[in-house]
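Number of protein chains: 2
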Amino acid sequence: MKITLSQLSFHTGNFEGNTQKIIDAIHTAKLNGTDLIVFSELATCGYPARDFLEFKDFIAQAEASIDTIAKHCVGIAAIVGSPRTNPIIEGKDLFNSAYFLEEGKVKQVTDKTLLPNYDIFDEYRYFEPNKSFQVIAFKEFKIALTICEDLWNLNDNPMYITTPLDELIKQNPDFIINIAASPFSKTQIAERRNTLQGNAKKYQLPLFYVNHIGAQTHLIFDGGSSVISSNGEVFSELAYFKEDEKSFEIQKENQLIIQALDENNALKLDRNKYQDIEDALVLGIRQYFQKLGFTKAILGLSGGIDSALVSYLAEKALGKENIWAVLLPSQFSSQHSIDDSIALVNNLGIKHSIIPIENTYQSFMSTLEPFFAGTSFGLSEENLQSRSRGVILMGLANKFGYILLNTSNKSELAVGYGTLYGDMCGGISVIGDLYKTEIFELCVYINREKEIIPNNILTKEPSAELRPDQKDSDSLPPYETLDQILHFYIEDRLGPSQIEAKGFERALVQKILKMVNMNEWKRWQAPPVLRVSKKAFGPGRRVPISGKYLY
Amino acid sequence: MKITLSQLSFHTGNFEGNTQKIIDAIHTAKLNGTDLIVFSELATCGYPARDFLEFKDFIAQAEASIDTIAKHCVGIAAIVGSPRTNPIIEGKDLFNSAYFLEEGKVKQVTDKTLLPNYDIFDEYRYFEPNKSFQVIAFKEFKIALTICEDLWNLNDNPMYITTPLDELIKQNPDFIINIAASPFSKTQIAERRNTLQGNAKKYQLPLFYVNHIGAQTHLIFDGGSSVISSNGEVFSELAYFKEDEKSFEIQKENQLIIQALDENNALKLDRNKYQDIEDALVLGIRQYFQKLGFTKAILGLSGGIDSALVSYLAEKALGKENIWAVLLPSQFSSQHSIDDSIALVNNLGIKHSIIPIENTYQSFMSTLEPFFAGTSFGLSEENLQSRSRGVILMGLANKFGYILLNTSNKSELAVGYGTLYGDMCGGISVIGDLYKTEIFELCVYINREKEIIPNNILTKEPSAELRPDQKDSDSLPPYETLDQILHFYIEDRLGPSQIEAKGFERALVQKILKMVNMNEWKRWQAPPVLRVSKKAFGPGRRVPISGKYLY
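Each protein sequence line maps, in turn, to chains E and H.
By the numbering used here, the letter at position 371 of the first sequence is numbered 371, and the numbering carries on one by one without gaps.
By the numbering used here, the letter at position 48 of the second sequence is numbered 48, and the numbering carries on one by one without gaps.
By construction, these hints were calculated from the structure, which means they are not laboratory data.
Just so you know, not all the hints are guaranteed correct.
Here are some of the chain E residues that sit facing chain H, going by a computed Cβ distance under 10 Å [to be verified]:
1) Gly232
2) Thr367
3) Leu458
Here are the simulated SDA-like pairs of lysine to any residue, each with C-alpha atoms no more than 20 Å apart in a straight line [as the list claims (entries may be wrong)]:
4) Lys502(E) to Glu103(H)
5) Lys522(E) to Gly401(H)
6) Lys56(H) to Phe55(E)
7) Lys316(H) to Arg286(H)
8) Lys548(H) to Asp276(E)
9) Lys296(H) to Arg506(E)
10) Lys56(E) to Tyr445(H)
11) Lys56(H) to Arg542(E)
12) Lys131(E) to Thr163(H)
13) Lys522(H) to Lys131(E)
14) Lys56(H) to Arg506(E)
15) Lys242(E) to Phe55(E)
16) Lys534(H) to Phe55(E)
17) Lys522(H) to Asn157(E)
18) Lys296(E) to Lys522(H)
Here are some chain H residues the structure puts well away from chain E; computed CB gaps all over 10 Å [what the hints assert, rightly or not]:
19) His72
20) Asp111
21) Asp270
22) Asn272
23) Thr459
From a predicted model like this one, the values you see are computed outputs, not experimental measurements.
Ideal Cβ placement from N, Cα and C applies to all residues, glycine included.
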């Protein structure tokens, strides 16, 4: 039997486009002699469809897509992920299902058992968990069909009381198929492989895995679909960060024999963390713009490392002709900020403009003079500069059809070291899930062959340049220290005494954690952050604003 | 036996404060001869604690609170809601529990069975559902103890496959206790009563119900704890929108006899929808400020109805000495906008300032002149005016320690008729869950005895005044029509053909739904919206930005 894994990019809610893409892949695969083609989780409607799933109209369109696709499954079978109406009155109204389509119709349906409901996942919001288990008989094979999270219950502290393959294995399946929508994070590729390998090894069965590829607002799906041998070794892997397809011949003799049918089946399992992050962010930017129907990005260049990195990534994603870098110097801006920015735009070949904010800032100051008189220069004046920049950038974006890229980093988002409605503006936050130290490391990686991001930007001391001779280190500990504490708190969710036990001063830990919690109100209004860690700011991290924990 | 229902306001994460409040209530009740005092759901940690629940340190503090409280339960028993570590390795790490405390220790624990995971609820994110049922024996009574959602599975399309009281009833309980954190909406009081009455009637048992009171960022808990007789009639109700406590004597003869022990037990079941909404919003503002440690609010007064209503509510919540109303007229502002605003601030007795935006707007225009030259006045220029206002208001707020109140209404938030980083600024959106037509109705109600909101504000045609002679109706259908379509789409989640079937033109429905969906990116960055409907913008409504559904 010939099986084809089809790793495609879908657009949430675009039933016409998604359905056509699936049908085209089925036709091509059929011409190539494929017996069974496998698509990813919730392929018809895209993932995550979020509250669109609560519209009967939306579900009706998904179910109509399945009917349409089924008609094309003649002489070929397909597995397609799609939501399904729960026929039982008790329980949630939907299942997250994998349709097995054959002979022009729905032959069998498998519903998802384990519904992730942590971090960015909300599946229990919509779906009823499956409670019955049945392998799929196709040709001489019995297939244990599972959906994404169904494989993720193997660790020491399992989140679910049921493990689907423990049930399915009783029916002696020949191999496992898993269709998934597993988003990227910088630790996810290793963890995912580990999980897939763990399942193959535990059940001594080969595993065919098809993941989503593409970006949906803040989430980036990296693909990396794969075939794992029954001994737990990776047999084949599809591309990361792009659409791909691979076919395999399966034969049942004493044991199952799998043969790769594509010429290029050389395994390259080594990953470079920085290349993966770069590829993920480029994909995230590109699809955000594509899916919203935009082509052009504008951003403010400060002369610092954050906006330099975002310029580089945006150029990669959208092309140099589509990036507009704007320098917005003030009286506090240093000459090197301008020089370094010019060097950067020259290296990238992108358009730039210089728009001093002196006049607008002074206009705010004179407008507010009757009230501010007698007060000293402080945070309010700093914010006025930042907000002058935000308004100018948004003015240009609105006038000429650009999306403003936000350049906040995770360290500053965490401690509130940024101005709401100022430098926190933007349609999407590109590097808001990278700590400052990671940004330095990524820039060094980007410069590995030639100086793309001017070295001076990497070596000078970070400064917001909102008052004379300001340095980030005036009010923050060194980023090496800050980022470690933040990582323990945000990613690892350790409490103050646990972090202190890692070797940090109590007062410093308390100060940092308090800063994080008391700035929750700012992050509520931050743009969507492209997620590249296991815990990004945004829908994956839900914290009360008016709480009193740790501050 | 004397039972006391204690309806208190808790502060998320403030274990010290919450614990002390509970202990004080226990001591007072004991002095009054109470045998059993009942507190609301998750009382120790506050509701909703959201992702703070993922911190072991947070849970340890909740468990320590229970230990502390238990020591005070000598000669009196208490039921206290608190999270509990799941002792079983499989499944989620926590239960949402009701502790039964007696003789200085934890005598029994009941875990929540039905975990709401829709709208603003995320309980399955944290908690494992209970699967075993045991009544609590106390004195001569058997108590069926349940937690909030446990009672909410009686409708025609039940969301859960288990109904806890169907299990507990087998053990012949004498009455039901339910501890809850049930947030307010304008339809919730009736629905909640209906649900409580339905349970009492179905199981033929009296029901003692204790709800949260207080506001947590966007959520308002209205209290309204109650006692329902076994025939389904409301026997007694505690106050709405404030802390309250009531005691009852229960005697077991042929049937259970309940006697109200407070003097003021006259039932006033009639509710006024507008008074409830007003009380809810006032409580929402007040506690948002209190819990963040702020006292003073600033807002922009446009001369329109939205900012007028917010001024009125803010004055009620914070006191006239704490409100600063700022008029920010432009060249497009009409004289009546200024006159009406002045009349309003005089009626309310609040401070006002007039700060023309002409200079800052012109400064942006001249700064952008090299780019804007040759283009015609449009949305970009409108936004510059709105953003000039936002920056000035935020400047004053930052300088003098005010929180800026957002004045967006639900109709304009829905269709994107507002400027991000302009009039969408603010720490909290006060009326963002009220459609424009509801705002008119509420203002008429507020003016029922005397003219508080100047009549001219209620009668003139709505206008953003961002260009000459602009009216909202230039680009939007009449609010009566718009709001109906929006309600069908947002609250009722009807699709386009279902809404069309309600009697609206297809083209209009498509236009409105498209406007809603294509403005999702703006709402992502909107402030928290005080929730008064069953579907507010914010965490209760999760919609993709880069989707392609209905646009």
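The hints, checked one at a time:
no., hint, in the structure
1, Gly232, "violated, 23 Å"
2, Thr367, "holds, 6 Å"
3, Leu458, "violated, 31 Å"
4, Lys502(E) to Glu103(H), "violated, 40 Å"
5, Lys522(E) to Gly401(H), "holds, 15 Å"
6, Lys56(H) to Phe55(E), "violated, 37 Å"
7, Lys316(H) to Arg286(H), "holds, 9 Å"
8, Lys548(H) to Asp276(E), "violated, 27 Å"
9, Lys296(H) to Arg506(E), "violated, 33 Å"
10, Lys56(E) to Tyr445(H), "violated, 37 Å"
11, Lys56(H) to Arg542(E), "holds, 16 Å"
12, Lys131(E) to Thr163(H), "holds, 18 Å"
13, Lys522(H) to Lys131(E), "violated, 40 Å"
14, Lys56(H) to Arg506(E), "holds, 18 Å"
15, Lys242(E) to Phe55(E), "violated, 30 Å"
16, Lys534(H) to Phe55(E), "holds, 16 Å"
17, Lys522(H) to Asn157(E), "violated, 39 Å"
18, Lys296(E) to Lys522(H), "holds, 18 Å"
19, His72, "holds, 22 Å"
20, Asp111, "holds, 14 Å"
21, Asp270, "holds, 32 Å"
22, Asn272, "holds, 28 Å"
23, Thr459, "holds, 32 Å"
Consistency note: the structure conflicts with the earlier hints numbered 1, 3, 4, 6, 8, 9, 10, 13, 15 and 17.
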